[in-house]
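Protein chains: 2
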Amino acid sequence: METIVKEHERKVEICYSPALFPVYYTNKDCVVVVIDIFRATSAICTAFQHGVKRIIPVSSVDEAKEYQAQGYIAAAERHGEIVEGFDIGNSPFSYMNPAFKGKEVVLTTTNGTKAIERAKAADHIIVGSFLNIDAVCRYLERKNKNVILLCAGWRDRYNMEDSLFAGAVVHRLKKNPIFKGLADSSLAADHLYELAKGNLNDFLKNTSHRNRLARLNLEEDISYCLQENTMDLVPVYKGNALVIENE
Amino acid sequence: METIVKEHERKVEICYSPALFPVYYTNKDCVVVVIDIFRATSAICTAFQHGVKRIIPVSSVDEAKEYQAQGYIAAAERHGEIVEGFDIGNSPFSYMNPAFKGKEVVLTTTNGTKAIERAKAADHIIVGSFLNIDAVCRYLERKNKNVILLCAGWRDRYNMEDSLFAGAVVHRLKKNPIFKGLADSSLAADHLYELAKGNLNDFLKNTSHRNRLARLNLEEDISYCLQENTMDLVPVYKGNALVIENE
Chain X
1496 METIVKEHER
1506 KVEICYSPAL
1516 FPVYYTNKDC
1526 VVVVIDIFRA
1536 TSAICTAFQH
1546 GVKRIIPVSS
1556 VDEAKEYQAQ
1566 GYIAAAERHG
1576 EIVEGFDIGN
1586 SPFSYMNPAF
1596 KGKEVVLTTT
1606 NGTKAIERAK
1616 AADHIIVGSF
1626 LNIDAVCRYL
1636 ERKNKNVILL
1646 CAGWRDRYNM
1656 EDSLFAGAVV
1666 HRLKKNPIFK
1676 GLADSSLAAD
1686 HLYELAKGNL
1696 NDFLKNTSHR
1706 NRLARLNLEE
1716 DISYCLQENT
1726 MDLVPVYKGN
1736 ALVIENE
Chain B
1496 METIVKEHER
1506 KVEICYSPAL
1516 FPVYYTNKDC
1526 VVVVIDIFRA
1536 TSAICTAFQH
1546 GVKRIIPVSS
1556 VDEAKEYQAQ
1566 GYIAAAERHG
1576 EIVEGFDIGN
1586 SPFSYMNPAF
1596 KGKEVVLTTT
1606 NGTKAIERAK
1616 AADHIIVGSF
1626 LNIDAVCRYL
1636 ERKNKNVILL
1646 CAGWRDRYNM
1656 EDSLFAGAVV
1666 HRLKKNPIFK
1676 GLADSSLAAD
1686 HLYELAKGNL
1696 NDFLKNTSHR
1706 NRLARLNLEE
1716 DISYCLQENT
1726 MDLVPVYKGN
1736 ALVIENE
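Protein sequence lines, in the order shown, are assigned to chains X and B.
Heads up: the first sequence runs through residues 1496 to 1742, numbered per this note's numbering.
Heads up: the second sequence runs through residues 1496 to 1742, numbered per this note's numbering.
Be a bit skeptical, because a hint or two may be false.
No distinction is drawn between identical chains; accordingly, a pair holds when it is met within one copy or between any pair of copies.
Using 20 Å as the maximum straight-line C-alpha spacing, the simulated PhoX-like pairs for lysine-lysine come out as follows [claimed, not checked]:
{"hint": "1", "residue 1": "Lys1700", "residue 2": "Lys1675"}
{"hint": "2", "residue 1": "Lys1733", "residue 2": "Lys1548"}
{"hint": "3", "residue 1": "Lys1669", "residue 2": "Lys1700"}
{"hint": "4", "residue 1": "Lys1675", "residue 2": "Lys1640"}
{"hint": "5", "residue 1": "Lys1548", "residue 2": "Lys1700"}
{"hint": "6", "residue 1": "Lys1560", "residue 2": "Lys1640"}
{"hint": "7", "residue 1": "Lys1692", "residue 2": "Lys1670"}
{"hint": "8", "residue 1": "Lys1598", "residue 2": "Lys1560"}
{"hint": "9", "residue 1": "Lys1640", "residue 2": "Lys1670"}
{"hint": "10", "residue 1": "Lys1692", "residue 2": "Lys1560"}
Hints are computed from structural coordinates only; laboratory data are not their basis.
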């Protein structure tokens, strides 16, 4: 542990790349928040809000196809686009489908589901997005464990939107005296969020994935994913699937 | 390449952890700037300014001991302190020694020399610190290649001081139209440097390694390492050693 944290205090760190997860996962008494703002974790939250029962994240398109062959609703995205042979990718709007209510969905995406895969060793994995940010923060306060904010990034590289969300979580948690152990990664993202919070979309105007989505005419997805706190739910990874826990 | 860069434009990316170097080193036409502000790369620059001829970075204390046994001046630091059996660690002040003039020094440090080791696959590796920042930027402009700013961090984790230096380099390079390809990592660090540049030491007051050094009574080292542009030299990695190139 590099930051000095007293026994009753919790450490908050940001892991900016799934490839670094083993570096940060040194204390198992933690909750891992998986973050892929554009758009996997925003889509997952939206799916649950619209009644989906379980989401099975898988790493490869082939796995998703196997589930599809068994009759599951299957979603696959690569490079921002729906994979051929699938009807849905990771646009949140595609999960607002009354036909999905009570159903299980299998999902594979370029970065988000891979981040979940990398975090699997952890006992507590949840899904965060701007849409459910306050619910995520309340969950973290209730659990009273160390926090690893795991940014899915883009192909293991740093990206801005996931970092900004991580900073937004730090910004909220730091008001609670139990979360005193802010690592340098957390301090940096908090500063960025402080700069960006008035207008997240404007702050992201020169960033790579935001512009990749804009070129794909996905401006509505971008605006949707940047709304803060529109739903009160926390997807939790249990067994091999994401579910909403009843507490 | 994730950021869209036109043919005559160069990409500037920051790799926040040596463990991620293979992720960023996808285009070999690049210069890698190794950064370990507290204190390895600041010490290396200082050594050259005071007449050291070559610095051989090694990864392990055992390797440093072998060189020491052969009569080399050897320096070793772990966890911020001089390793037992060595006279010098990575305090820049210890390299201001007239007896080192014209000599070769072998150096191993917790993070900095390991970052150089990780970058070895690259053709062009240089050493950056606030002390030689303008010389580093001029070198990068002259070489006209893509740039990877490799932060040594702390045990493969993100750290603030290396990120701020990387941001300071981006801040200067972005004024040159050839460096148009700023990755998200670069945009983020540029924002941080913009916030910090009036008073770097104050900005670092809650960061972990700055405080680790302060607990070791190394405030003078901290202030020394945060001075911008006090020397006009660029250490370059050639063969197995760092040298100053005559151009």
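Structure-based check of all given hints:
no. : hint                : result
1   : Lys1700 <-> Lys1675 : between (32 Å within a copy, 15 Å between copies)
2   : Lys1733 <-> Lys1548 : within (13 Å within a copy, 59 Å between copies)
3   : Lys1669 <-> Lys1700 : between (27 Å within a copy, 16 Å between copies)
4   : Lys1675 <-> Lys1640 : within (12 Å within a copy, 42 Å between copies)
5   : Lys1548 <-> Lys1700 : neither (35 Å within a copy, 47 Å between copies)
6   : Lys1560 <-> Lys1640 : neither (37 Å within a copy, 42 Å between copies)
7   : Lys1692 <-> Lys1670 : within (17 Å within a copy, 26 Å between copies)
8   : Lys1598 <-> Lys1560 : within (17 Å within a copy, 64 Å between copies)
9   : Lys1640 <-> Lys1670 : within (16 Å within a copy, 44 Å between copies)
10  : Lys1692 <-> Lys1560 : neither (39 Å within a copy, 52 Å between copies)
Checked against the numbered hints above, the structure breaks hints 5, 6 and 10 and satisfies the rest.
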